[in-house]
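*Asks:* In case you want the letters, here they are:
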Amino acid sequence: MSGGCTPEVARDEPGAQVAMLGNVAIVRGALEAGVQYFACYPGTPSSEVGDTFAAISDGLGIKFEYSVNEKIALEMAFGASLSGARSMCSMKHLGLNYAGDPASTIPYVGVEGGMVIVSAGDPSAITSPNEQDQRHFSNFLFYPIFDPATVPDALAMTRFAFGLSEQARLPVIMRPTTRVCHTSSVVELGPLATSRNEIAFNRDPARYTPMPANARRMRKEITQRYQKAAELLADSPFFNRYGSGSRGIVASGVGYAYTRQIVEDLGLEESVSLLQIGAYPIPEGTLNDFLTSVDSVMVVEELTPFLEERVMVSAFKLGRSIPFTGKHSGDFPVEFEYGPDMVEDVVRSYLDMSARAKIDIPQPALPMRPPVLCPGCPHRSSFYLVRKAFGKKTVYTNDIGCYTLGYGPPLECCDTVLSMGSSISEAAAIAQTTGKRTVAFLGDSTFFHSGLPALANLVVNDANVTVVVLNNHVTAMTGFQPSVAAAADDSEENGLSILQAVKGLGVQHVFEVDPRDEEASLAALKQAKAASGMNVVISSAPCVVYDKRKRGGEKRAPLVIDQDLCNQCALCVLVLGCPAIEVNDGRYEIVADLCDGCELCAYVCNQGAIAGGGE
Amino acid sequence: MTTSEKPGWRIIFAGTGGQGVVTAARILTEFFSKRGNQVVSGQLHGMAQRGGSVQASVMIDCGISPVIPAGAADCVVGFEPVETVRALPFMSKNTTVFMNTTPVVPYVLSQQAARGKGNGQYPSQESLEQYILAVTPKLLTFDATELARGTGMVKTLNVVMVGCLFGSGILPVLPEEFLETVMKTVPSKLADSNERAFQCGVEHGRKLCKEERTS
Numbered sequence: 001m002s003g004g005c006t007p008e009v010a011r012d013e014p015g016a017q018v019a020m021l022g023n024v025a026i027v028r029g030a031l032e033a034g035v036q037y038f039a040c041y042p043g044t045p046s047s048e049v050g051d052t053f054a055a056i057s058d059g060l061g062i063k064f065e066y067s068v069n070e071k072i073a074l075e076m077a078f079g080a081s082l083s084g085a086r087s088m089c090s091m092k093h094l095g096l097n098y099a100g101d102p103a104s105t106i107p108y109v110g111v112e113g114g115m116v117i118v119s120a121g122d123p124s125a126i127t128s129p130n131e132q133d134q135r136h137f138s139n140f141l142f143y144p145i146f147d148p149a150t151v152p153d154a155l156a157m158t159r160f161a162f163g164l165s166e167q168a169r170l171p172v173i174m175r176p177t178t179r180v181c182h183t184s185s186v187v188e189l190g191p192l193a194t195s196r197n198e199i200a201f202n203r204d205p206a207r208y209t210p211m212p213a214n215a216r217r218m219r220k221e222i223t224q225r226y227q228k229a230a231e232l233l234a235d236s237p238f239f240n241r242y243g244s245g246s247r248g249i250v251a252s253g254v255g256y257a258y259t260r261q262i263v264e265d266l267g268l269e270e271s272v273s274l275l276q277i278g279a280y281p282i283p284e285g286t287l288n289d290f291l292t293s294v295d296s297v298m299v300v301e302e303l304t305p306f307l308e309e310r311v312m313v314s315a316f317k318l319g320r321s322i323p324f325t326g327k328h329s330g331d332f333p334v335e336f337e338y339g340p341d342m343v344e345d346v347v348r349s350y351l352d353m354s355a356r357a358k359i360d361i362p363q364p365a366l367p368m369r370p371p372v373l374c375p376g377c378p379h380r381s382s383f384y385l386v387r388k389a390f391g392k393k394t395v396y397t398n399d400i401g402c403y404t405l406g407y408g409p410p411l412e413c414c415d416t417v418l419s420m421g422s423s424i425s426e427a428a429a430i431a432q433t434t435g436k437r438t439v440a441f442l443g444d445s446t447f448f449h450s451g452l453p454a455l456a457n458l459v460v461n462d463a464n465v466t467v468v469v470l471n472n473h474v475t476a477m478t479g480f481q482p483s484v485a486a487a488a489d490d491s492e493e494n495g496l497s498i499l500q501a502v503k504g505l506g507v508q509h510v511f512e513v514d515p516r517d518e519e520a521s522l523a524a525l526k527q528a529k530a531a532s533g534m535n536v537v538i539s540s541a542p543c544v545v546y547d548k549r550k551r552g553g554e555k556r557a558p559l560v561i562d563q564d565l566c567n568q569c570a571l572c573v574l575v576l577g578c579p580a581i582e583v584n585d586g587r588y589e590i591v592a593d594l595c596d597g598c599e600l601c602a603y604v605c606n607q608g609a610i611a612g613g614g615e
Numbered sequence: 001m002t003t004s005e006k007p008g009w010r011i012i013f014a015g016t017g018g019q020g021v022v023t024a025a026r027i028l029t030e031f032f033s034k035r036g037n038q039v040v041s042g043q044l045h046g047m048a049q050r051g052g053s054v055q056a057s058v059m060i061d062c063g064i065s066p067v068i069p070a071g072a073a074d075c076v077v078g079f080e081p082v083e084t085v086r087a088l089p090f091m092s093k094n095t096t097v098f099m100n101t102t103p104v105v106p107y108v109l110s111q112q113a114a115r116g117k118g119n120g121q122y123p124s125q126e127s128l129e130q131y132i133l134a135v136t137p138k139l140l141t142f143d144a145t146e147l148a149r150g151t152g153m154v155k156t157l158n159v160v161m162v163g164c165l166f167g168s169g170i171l172p173v174l175p176e177e178f179l180e181t182v183m184k185t186v187p188s189k190l191a192d193s194n195e196r197a198f199q200c201g202v203e204h205g206r207k208l209c210k211e212e213r214t215s
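Protein chains in written order, with our numbering: chain X, 1 to 615; chain W, 1 to 215.
Please note that the accuracy of each hint is not assured.
Unchecked claim - Derived list of chain W stretches under chain X, where covered just means 3 residues or more per stretch with a C-beta under 8 Å from a C-beta of chain X:
id	region
1	163-175
2	195-205
3	208-214
Said to hold, decoys possible - Straight-line distance between alpha carbons at most 25 Å, and here's what the computed PhoX-like set of lysine-lysine pairs gives:
id	chain 1	residue 1	chain 2	residue 2
4	X	K503	X	K393
5	X	K436	X	K526
6	W	K155	W	K189
7	W	K34	W	K6
8	W	K155	W	K117
9	X	K327	X	K317
10	X	K503	X	K529
11	W	K207	X	K358
12	W	K117	X	K358
13	W	K155	X	K550
14	X	K228	X	K392
15	W	K207	W	K93
16	X	K548	W	K155
17	X	K392	X	K529
18	X	K228	X	K358
19	X	K529	X	K388
20	W	K117	X	K392
21	X	K555	W	K189
22	X	K436	X	K388
23	X	K555	X	K388
24	W	K117	X	K388
25	X	K548	W	K189
26	X	K358	X	K393
27	X	K393	W	K117
28	X	K358	X	K327
29	X	K436	X	K392
30	W	K210	W	K93
31	X	K436	X	K358
32	W	K189	X	K550
33	X	K393	X	K550
34	X	K555	W	K34
35	W	K6	W	K117
36	X	K526	X	K503
No lab work stands behind these hints: they were computed from the structure.
We put the CB at the ideal spot given by N, CA and C, even for glycine.
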């Protein structure tokens, strides 16, 4: 999806109609608001926000960084705000949890330059280990939150958010979900900002230090600032009303886009009044006016009944005893993404209309096509060799990255995954409790993100753990952002050294291997297995996809299976799971278009039937 | 003209990671937005970079909703046989379906075959066609991968498929207009292969739709 980044985002042509990805529209909104500082850690579905800034920041005089993790990205953006800069950081929903410590206290201190946190949500856990409703940050930690329904919303709300943040002195969260982040649509460009905030850090320790006595004072201020945010939102264009009927519908996020479309397509403008809730806290007057004008309410929102319960409280306070259709009534689920069909069904039922014409589509049993490590991926070599050295009975904890695809047969190198860096802590505790050597896998970017403190803990508290750092020099899963283990010029030598970091923490036994050198790697892994206490294996080889791009798409020559030598033992397929090897009517064949020429299958084949390829 | 009851044009691209499905949707989106149409497009599901199933949608002048409702696609452009069938929920009797007949065999099938578990067989082309014909008669099959290979660069598969869509006459635009606007943006060393691929797709789209009308 990195194709979403286009220079169009910085075009100085107000009024132009341009198609852009939701994540890119967020960047455009920030440019129109005069953003001066940006930091992020990539995470789907937020990554294109950072990728876009990476491509344009230099030319626009914006300070940009890929931070080592989300907590640091948030703190960097806050520090920049204290210096007066309009600042932004971006991350996925889980990233904001990781940054939860500073996130909890920033509203207390308050901001100077406007500060916007993009925290992209992933209903249905499409590319995440969970789904969660970040709107709860609004009343939980006192953040104004924007909940865009469309790509144009994402632009307009981001542009507005910086001013709101400055005036209410609160950080603001922009919460697009996957359907906004990864949807492209036409937006109208506004003027790019012509002025920038003046930069100065004005010393005022009592203002910036939330030690308990100050924190209690700040707590009272927050209530006022949060109220101020609600007043500013009351004058914003993000609480659209559409239709003039007596049946009320309140909708938030992408649920509004579905509902609006259905009302238009079915011509329901005279039956329903539809109110978009584009931001929280909801201005009380907006909701009260709406509730007094309708005789029933339907609420459309994904995930928790967050909005529904706000509306119920408002109705109760108004003494309006009107029927509700939503999650509490059982009409909408509390899990997963909604879609246009589900929303249409509930709208029809709510308005006592005939049911949607059902199309009887057969559901054929098709072979599944789960994602898989690419042909030539060095992680496949590492997994194969580690399993060969450590065997079936060893527990393998895994982590967040492409290498999670070591899950399941045939690689079977993923018994657990939890969160960034957790492979090391989990392995340590499993080794301590079971008494058996445990292997932890994590990548280079994850290592620096939060593997370091877990490794320090392991050094201090020791356990029979072998930590295998899969160093492919890039943050591959989220779109090939540079890892701190590589430098700006992509040469590993100039990046942070994993070896030096590990040694600096006092690890006694460190093995450096190249998984493309199978014999040497295997010898080192066997030593790691036989040792006592903790040790670290750094398995380094470049990501083949990224490497191929750098080489201008040139790929290595594909391998061929000699059918005269192949005895159909199936070993290559059984242990590697490479998508380039197909079984067609009992014949084992390599698909030349897919094969990367890594030669791992040639190493595995004990008939010497696979050859060719090479540099 | 649009084939469904609602105004606008709704296109689904279906294929596997690496076939250029998302890129095809993006090129179409940029083209129509530059023409002044309202376009909403997106990747519906899938991890485009790791060989999984990928579906992308492009909706032209349809409104603000980001997702195509069930049975509402005017056209399904299938880059791969099984993936074409996976898009069945978007089809109705009015949907035109293009299906590339060259499979990309899911690695799970090779796993099944090697382990002797499951049937390990890629479904027959005939059985896949039957699933679609049970919903719509407008199924048009051709070997787009072979056509792409013929241009000298098999990576042009997505351009062949987009050409086919324009050749079909389903969209309110002549292929020549797309060719002129879009091919300007292609790096020059790829321009020849891409133009050949597009023209090739257009010819097949036209031919297939003509055969379908006369049959």
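*Asks:* So, for every hint listed, does it hold in this structure?
*Replies:* Outcome of the hint check:
A stretch counts as covered by a chain when three or more of its residues have a beta carbon under 8 Å from one of that chain; for the region 163-175 of chain W and chain X the count is 0, and the coverage is violated. Residues of the region 195-205 of chain W with a Cβ under 8 Å from some Cβ of chain X number 0, which does not satisfy the need for three, so the listed coverage is violated. Requiring three or more residues with a Cβ within less than 8 Å of a Cβ of chain X, the coverage given for the region 208-214 of chain W is violated, as only 0 such residues are present. Restraint check for K503(X) and K393(X): not satisfied, since their Cα atoms lie roughly 29 Å apart, outside the 25 Å limit.
Among the hinted pairs, K436(X) with K526(X) is consistent with the structure: their alpha-carbon atoms are about 15 Å apart, no more than 25 Å. Distance hint between K155(W) and K189(W) is fulfilled; the C-alpha atoms sit about 14 Å from each other, no more than 25 Å. Pair hint K34(W) plus K6(W) holds up; C-alpha atoms about 23 Å apart against a cutoff of 25 Å. Our distance criterion of 25 Å between C-alpha atoms is broken by K155(W) and K117(W), whose separation comes to about 33 Å.
Taking the CA atoms of K327(X) and K317(X), the gap is near 20 Å; set against the 25 Å cutoff, the hint holds. Proposed proximity of K503(X) and K529(X) is supported: the alpha carbons are some 19 Å apart, at most 25 Å. At roughly 33 Å between alpha-carbon atoms, K207(W) and K358(X) are farther apart than 25 Å, so this suggested pair is violated. This hinted pair does not check out: K117(W) and K358(X) have alpha carbons roughly 37 Å apart, beyond 25 Å.
Restraint check for K155(W) and K550(X): the C-alpha separation of about 18 Å stays at or below 25 Å, so the hint holds. In summary, the hint linking K228(X) to K392(X) is not supported, as the alpha carbons are separated by about 60 Å, beyond the 25 Å threshold. For the suggested pair K207(W) and K93(W), the alpha carbons sit about 21 Å apart, so the restraint of at most 25 Å is met. Of the pairs offered as hints, the one joining K548(X) and K155(W) holds, with about 15 Å between alpha carbons and a cut-off of 25 Å not exceeded.
Proximity of K392(X) to K529(X) is assessed by CA-CA distance (about 13 Å); at most 25 Å being required, the pair is judged to hold. Under the criterion of a C-alpha separation no larger than 25 Å, the hint pairing K228(X) with K358(X) is inconsistent with the structure, at around 48 Å. Restraint check: the Cα-Cα separation between K529(X) and K388(X) comes to about 11 Å, which is no more than 25 Å; the hinted pair holds. Taking the CA atoms of K117(W) and K392(X), the gap is near 21 Å; set against the 25 Å cutoff, the hint holds.
Distance check on the hinted pair: K555(X) and K189(W) sit about 17 Å apart at the alpha-carbon level, within 25 Å; holds. Distance hint between K436(X) and K388(X) is fulfilled; the C-alpha atoms sit about 17 Å from each other, no more than 25 Å. Of the supplied pair hints, the one linking K555(X) and K388(X) is violated, its CA atoms being roughly 28 Å apart against a limit of 25 Å. Taken as a hint, the K117(W) and K388(X) pair is honoured in the structure, with Cα atoms around 24 Å apart against an allowance of 25 Å.
For the proposed pair K548(X) and K189(W), the alpha carbon gap of about 18 Å is at most 25 Å, so the pair holds. Of the supplied pair hints, the one linking K358(X) and K393(X) is violated, its CA atoms being roughly 51 Å apart against a limit of 25 Å. Only pairs whose Cα atoms come within 25 Å are accepted, and K393(X) paired with K117(W) is accepted, the gap being roughly 23 Å. Taking the CA atoms of K358(X) and K327(X), the gap is about 23 Å. The hint holds against a cut of 25 Å.
Taking the CA atoms of K436(X) and K392(X), the gap is near 13 Å; set against the 25 Å cutoff, the hint holds. Taking the CA atoms of K210(W) and K93(W), the gap is about 18 Å. The hint holds against a cut of 25 Å. Between K436(X) and K358(X) the alpha-carbon distance is near 56 Å, which puts this suggested pair outside the 25 Å criterion. Distance check on the hinted pair: K189(W) and K550(X) sit about 17 Å apart at the alpha-carbon level, within 25 Å; holds.
Among the hinted pairs, K393(X) with K550(X) is inconsistent with the structure: their alpha-carbon atoms are about 39 Å apart, more than 25 Å. Between K555(X) and K34(W), the direct Cα distance comes to roughly 35 Å. Violation of the 25 Å bound is thereby established for this hinted pair. Under the criterion of a C-alpha separation no larger than 25 Å, the hint pairing K6(W) with K117(W) is inconsistent with the structure, at around 46 Å. Taking the CA atoms of K526(X) and K503(X), the gap is about 20 Å. The hint holds against a cut of 25 Å.
Comparing the model with each earlier hint shows violations of hints 1, 2, 3, 4, 8, 11, 12, 14, 18, 23, 26, 31, 33, 34 and 35; every other hint is respected.
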